[in-house]
Amino acid sequence: MKKLLISAAIVAGASFGMQGQANAACGEFQMSDMNWPSATLMANVDKIILEEGYGCKIELIPGATTATFATMNEKGEPHVAAELWTNAVSVELEKAMDEGRLHSAVRGPITELGEGWWVTPGTLKRHPEFKTVLDILERPDLFPDKEDPSKGAFIGCPAGWGCQLSNQQLFKAFEMEKKGWVLVDPGSQAGLDASMAKAAQRDENWLGYYWSPTAPVGKYEMALMDFGVPFAGAENWDGCIAVGPEKCADPKPSAWTESVVQTIVTPEIKAMSDVMNYFGNRIYPGPIMNGMLVYMEENQATGPDAALEFLEKHEDIWTKWVSGDVASKVKKSL
Amino acid sequence: MLEFLTEFPDMSRRDLRDFKLAIDGAFRDFSRANGEAIEGFFDPLLWFLIWLEKLLVATPWPFILIIVAGLAYLGSRSWKLAIGSMLSFALIGYFGMWEDTMSTIALISVATLLCVAIGMPLGIWMAKSDRVQSVITPILDVMQTIPIFVYLLPVLMLLGIGKVPGLIAVCVYAMPPMVRLTNLGIRLVDKDVLEAANAFGANDKQKLFGVQIPLALPNIFAGINQTIMMALAMVVIASMIGVRGLGIPVLQAIQNQYLALGFMNGLAIVGLAIIFDRVSQKYGKRLQEHRGGHDHG
Chain A
1 MKKLLISAAI
11 VAGASFGMQG
21 QANAACGEFQ
31 MSDMNWPSAT
41 LMANVDKIIL
51 EEGYGCKIEL
61 IPGATTATFA
71 TMNEKGEPHV
81 AAELWTNAVS
91 VELEKAMDEG
101 RLHSAVRGPI
111 TELGEGWWVT
121 PGTLKRHPEF
131 KTVLDILERP
141 DLFPDKEDPS
151 KGAFIGCPAG
161 WGCQLSNQQL
171 FKAFEMEKKG
181 WVLVDPGSQA
191 GLDASMAKAA
201 QRDENWLGYY
211 WSPTAPVGKY
221 EMALMDFGVP
231 FAGAENWDGC
241 IAVGPEKCAD
251 PKPSAWTESV
261 VQTIVTPEIK
271 AMSDVMNYFG
281 NRIYPGPIMN
291 GMLVYMEENQ
301 ATGPDAALEF
311 LEKHEDIWTK
321 WVSGDVASKV
331 KKSL
Chain B
1 MLEFLTEFPD
11 MSRRDLRDFK
21 LAIDGAFRDF
31 SRANGEAIEG
41 FFDPLLWFLI
51 WLEKLLVATP
61 WPFILIIVAG
71 LAYLGSRSWK
81 LAIGSMLSFA
91 LIGYFGMWED
101 TMSTIALISV
111 ATLLCVAIGM
121 PLGIWMAKSD
131 RVQSVITPIL
141 DVMQTIPIFV
151 YLLPVLMLLG
161 IGKVPGLIAV
171 CVYAMPPMVR
181 LTNLGIRLVD
191 KDVLEAANAF
201 GANDKQKLFG
211 VQIPLALPNI
221 FAGINQTIMM
231 ALAMVVIASM
241 IGVRGLGIPV
251 LQAIQNQYLA
261 LGFMNGLAIV
271 GLAIIFDRVS
281 QKYGKRLQEH
291 RGGHDHG
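Going down the list, the protein sequences come from chains A and B.
Counting along the first sequence from 1, when you hit position 175 you're at 175 in our numbering, and nothing is skipped either side.
Counting along the second sequence from 1, when you hit position 229 you're at 229 in our numbering, and nothing is skipped either side.
Worth flagging that the hints you see were computed from the coordinates, not collected in a lab.
Keep in mind that a hint or two might mislead.
Stated by the list, open to error - Once the Cα atoms are required to be at most 20 Å apart in a straight line, the calculated EDC-like pairs of lysine to aspartate or glutamate come out as:
| # | chain 1 | residue 1 | chain 2 | residue 2 |
| --- | --- | --- | --- | --- |
| 1 | A | 146 | B | 130 |
| 2 | A | 320 | A | 258 |
| 3 | A | 146 | B | 39 |
| 4 | A | 219 | B | 18 |
| 5 | B | 54 | A | 177 |
Work the whole structure out from these sequences, hints included.
Right, here's the structure in full:
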């Protein structure tokens, strides 16, 4: 009899929870666990917060950008992509959004992300007068090229990458050759990383192309430089800078095109207002994310490990994304 | 107990992490303290390489074609080979790969010189002493099999990207055959010949330069030939750490599936390889015939 009462109470409690709490809105769904560190960290943090705080049941599905986008677009699964770099799929995404198949839950889930030209922290400390790329371009003598020390070295993007063309065009647009610079091709990501790491470790000046969020940017506290000119329009970027010097001869100086990163969800998720609220608030400050990537690299941490580390170490950040009630539930589960 | 048998008793993750961080940290400190001095040590090599590359690029192309044909003829004494070499260079130039090819030739020439200059004395030393051989052989094995970026990372941290690390990468991989074949060649010299040399009262130096090295020349040339071949095989890897040359377009082609670009530059590397190979082989053979004829005559 006692047993029956208890189980009845459990059933009642459970069904009450189902109806009264977030569970009513949140069922089982799939999230994409993308194959680079920041995306897997975000997916795992979402999983913990949504499961513990909102009572969802989440399955993580591994995948890369294009494949994940394609299945979301065609089949509506997985239901959430936490960090989708949408420049690569912008046309299809726009169509899917117009037709209501996909929705953006937040634009820019990580701040200060994207591509651009970076310098080592020592460069800025020694030369506080460097406010923009334009200031730096006047001083090639501070960034001597190893093979021709009379020139300044600008480390571009590895041979064959899409960004190689953009960097070649910007090099031309800013008339860097005339100003005494050479464009150094690092040959591979290993070459680019090593060149940056060497300069940062030895506290030398370094100007080159990189992108964030990445562990090296966090590890060496690289500084993203403002170009000192505004973004000169999509026509100049997509029609000239991105296609390279062979197809367009007169690129105009421009800031780097904005890398659009969004959390993309299917209509099922859009219907859950509290989950959507969470996604809308969930914005990682860039330096914190880069710090987490350094942690992951140094400890060879997997996504779930890193998510726990983040929730433990950075309570001040994630508790602002959710209500006090949800925050205490998540905290209790850690 | 069973768990002990199924789970390897490995180092705890924390210790392993600390171990790795300690090594990386020690290397970072070493690089900060000595990096500039080490860079300075390699500077003459860099200047030489830059000088040679500039010279090759600045030399008018007809001269280069004539020099190529002339060298090929001098090496092989074969008109066919000389004309073939000239034609392949002309084709390379026609397809717009002239400058990259000159950069690559500069790198390969300096790398080969360096490998011979270091490898030959090492090989001779190895041939003189079994103990030295037993130490150097495993080192050569490591040099030939260790994944390239494993040793390149510390080199890049010390020297940055560019020509010198590229040269080091090429030499680490291309030098072992030079050492091995020099060693082999000298060890294979007939004992009777050496005894005869002894009987004539030759000292060690005379024996080495008058008897052993000349008789080992065919093997030594096979070593140089192998070194050149392996150096050319490393051109693409060298480009991955910022060395200009035929490797850069190959990388570009691989990233973007540009079939034509890949084949053109790949075949240019093959063309260089075949020219170097045939000429050096013919030269080695000629040397041997000449030597043989002389000895018996």
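| Hint check, failures only | 1, 2
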